[in-house]
Amino acid sequence: MGRAGARVLVLLAWGSFFTWLWVTDEASRYIGSKTYWVVPFGAVAIGIAALAQVFFLIRQRGESGELSRREAAGAVLMLVPLLAVALVPRAELGSFALSRKLRQAPASAPGNVTGGATTQLRARDELGFVSRFESTPPGMFELTRFQITCCVAGAVPVLFTVDPGKLRADYPSETWVKVSGTWRTGGDKVLLVAERIEAVEAPKKRYINGG
Amino acid sequence: MPVARRLISRGVHPAAGLAFMLAAPILNPIVLLSTYIAYSGRGLGAEMVLGRTGLGLVVAAAAGFVIARSIEGDVLRPRSQAAHDHHDHGTARGKREAFTDHLSSDFLFMGKFIVIGAAVAATMQTVIPQNVVSGVAGSAVIGPLALMGIAFMLSLCSEADAFVAVSFTAFPLGSHLAFLVFGPIVDTKLAILYGATFRRQFVLRLLLAVVPLVLVGSIVFEALI
Numbered sequence: 155m156g157r158a159g160a161r162v163l164v165l166l167a168w169g170s171f172f173t174w175l176w177v178t179d180e181a182s183r184y185i186g187s188k189t190y191w192v193v194p195f196g197a198v199a200i201g202i203a204a205l206a207q208v209f210f211l212i213r214q215r216g217e218s219g220e221l222s223r224r225e226a227a228g229a230v231l232m233l234v235p236l237l238a239v240a241l242v243p244r245a246e247l248g249s250f251a252l253s254r255k256l257r258q259a260p261a262s263a264p265g266n267v268t269g270g271a272t273t274q275l276r277a278r279d280e281l282g283f284v285s286r287f288e289s290t291p292p293g294m295f296e297l298t299r300f301q302i303t304c305c306v307a308g309a310v311p312v313l314f315t316v317d318p319g320k321l322r323a324d325y326p327s328e329t330w331v332k333v334s335g336t337w338r339t340g341g342d343k344v345l346l347v348a349e350r351i352e353a354v355e356a357p358k359k360r361y362i363n364g365g
Numbered sequence: 154m155p156v157a158r159r160l161i162s163r164g165v166h167p168a169a170g171l172a173f174m175l176a177a178p179i180l181n182p183i184v185l186l187s188t189y190i191a192y193s194g195r196g197l198g199a200e201m202v203l204g205r206t207g208l209g210l211v212v213a214a215a216a217g218f219v220i221a222r223s224i225e226g227d228v229l230r231p232r233s234q235a236a237h238d239h240h241d242h243g244t245a246r247g248k249r250e251a252f253t254d255h256l257s258s259d260f261l262f263m264g265k266f267i268v269i270g271a272a273v274a275a276t277m278q279t280v281i282p283q284n285v286v287s288g289v290a291g292s293a294v295i296g297p298l299a300l301m302g303i304a305f306m307l308s309l310c311s312e313a314d315a316f317v318a319v320s321f322t323a324f325p326l327g328s329h330l331a332f333l334v335f336g337p338i339v340d341t342k343l344a345i346l347y348g349a350t351f352r353r354q355f356v357l358r359l360l361l362a363v364v365p366l367v368l369v370g371s372i373v374f375e376a377l378i
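So the protein lines, in turn, are chains H and R. If you count by this note's numbering, then the first sequence holds residues 155 to 365, one letter each, in order. If you count by this note's numbering, then the second sequence holds residues 154 to 378, one letter each, in order.
These are calculated hints, taken from the structure and not from any lab test. Some hints here could point you the wrong way.
[Claimed, not checked] Partial list, computed: chain H residues near chain R (C-beta under 7 Å): (1) Ala203; (2) Gln207; (3) Leu211; (4) Gly228; (5) Val230; (6) Lys255; (7) Phe287; (8) Pro291; (9) Gly293; (10) Arg299; (11) Thr303; (12) Gly308; (13) Val312.
[What the hints assert, rightly or not] Computed footprint of chain R on chain H; a stretch qualifies when at least three of its residues, placed anywhere within it, have a C-beta under 8 Å from a C-beta of chain R: (14) 160 to 170; (15) 183 to 190; (16) 232 to 239.
For glycine and all other residues, C-beta sits at the position ideal for the given N, C-alpha and C.
All chains should be built: construct the whole structure from the sequences, respecting the hints.
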């Protein structure tokens, strides 16, 4: 394969990837709504560049020079991310990512929770996945969701503690649930006293502000 | 970086080209607006925008000047033109071919270094938990340095890093400013791109110029607000 052929291969692969993201709405797994414009732009721009390179290749009738080892390595490197997506198509942030990041809100402590004031603010169908830490009060769990602005690299976990009371609370970590109830606050701690907890399927757009 | 590279290769003074490259990720309306939005909830939107603008401008100009003077000869690393087709830029067809060829060349040249940088940044995010720096949050010197290290590791876009920075509630605002100014100038991904674009030791010289400036700026900012 010559140099031009390798170029065409890489551009076609990436153009196809951006097009796939665009038509399937899978971009929400990787980027936020504010940067979603990259997907259609990439599909169009790289697609045009790929087609232009095909025309050049045909016109030059394959006379584009030999592909050096370094250039071949660069081409392979460019295809590695696409291979990663193909091998792990449904990747998403979960408890492991949560353990690596500083959280948006501090974890609740038993003293603050029991001393908190009950508010009249109702919470309806708060959606997130179950997670638990060493500091999570016994019998309770944290309802977590990641918020992304640009892309998953900058995802920030947003979470609050759920007090299930007498409701079932033994959901395994990373189970997606919907919780309705009443907010209770204690200083800067936030607690949701649940009146209804329902296990649900993971939403298609897992992240807040997902693209 | 491709823009700065082309500016310098066409005769713009390296100090100006470097200052442009370092300032552009910070000094643009989208980044400043997102910074304001992220910190407005704490009533410090205007202060953080002014701090980021002022310190970003000073650091970019000073770093560009210092680095350009410290490197003898061309600051740019020679780039292979073998893959670059020659076009007649005078005709419409030539211009179209030149446009698509430049687009393809820049995408393919930069892309492989971005892949490497992203892989290193992702590995660091996976292996190193962010709470390792929580213990130094209160230090006036170590705190900003720690968040600069986090910024280097995370390799975030400057449009979104303010929303991440605001979550570092244990750190004072001076450390936040260090995170917000240092990250867009140099991070894991950018360090690899710089190495591919500029001459040897560019990244080292950049760090030697930028780290003290950002550190001092963040301490001054913390004292002023």
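> Hey, does the H:Gly308 contact hint survive, CB to chain R under 7 Å?
Replying inline: Holds - the Cβ of H:Gly308 comes within 7 Å of chain R, reaching about 5 Å at its closest.
>> Given H:Ala203 as an interface hint, is its Cβ closer than 7 Å to any Cβ of chain R?
In response: holds (5 Å)
> Can the hint on H:Thr303 be confirmed by a CB-to-CB distance to chain R that is less than 7 Å?
Replying inline: Hint holds; H:Thr303 Cβ to chain R Cβ min 4 Å, cut 7 Å.
> Holds or violated: is the Cβ of H:Lys255 closer than 7 Å to a Cβ in chain R?
Replying inline: Nearest chain R Cβ about 5 Å off; hint holds.
>> Min Cβ distance, H:Val230 to chain R: is it shorter than 7 Å?
In response: violated (9 Å)
>> Checking hints one by one. Is H:Phe287 an interface residue toward chain R, by the C-beta closer than 7 Å rule?
In response: Hint on H:Phe287: violated, closest Cβ of chain R at ~11 Å, above 7 Å.
>> Is the coverage entry for the stretch 232 to 239 of chain H by chain R consistent with the three-residue Cβ rule at 8 Å?
In response: holds (count 3)
> Can H:Arg299 be said to touch chain R, with a Cβ gap under 7 Å?
Replying inline: Status violated, d = 14 Å.
>> Count the residues of the stretch 183 to 190 of chain H whose Cβ falls closer than 8 Å to any Cβ of chain R, and tell me whether that reaches three.
In response: With 3 residues closer than 8 Å to chain R, the stretch 183 to 190 of chain H meets the three-residue bar; holds.
> How does the coverage statement for the stretch 160 to 170 of chain H fare against chain R, requiring three or more residues with Cβ below 8 Å from a Cβ of that chain?
Replying inline: With 4 residues in contact (Cβ-Cβ under 8 Å with chain R), the coverage given for the stretch 160 to 170 of chain H holds.
> Hint check: is the beta carbon of H:Pro291 less than 7 Å from a beta carbon of chain R?
Replying inline: At 20 Å from the nearest chain R Cβ, H:Pro291 fails the 7 Å test, so the hint is violated.
> Does the interface hint hold: is H:Val312 within less than 7 Å of chain R, judged Cβ to Cβ?
Replying inline: violated (9 Å)
Violation of the numbered hints given earlier is confined to hints 3, 5, 7, 8, 9, 10, 13; the remaining hints are satisfied by the structure.
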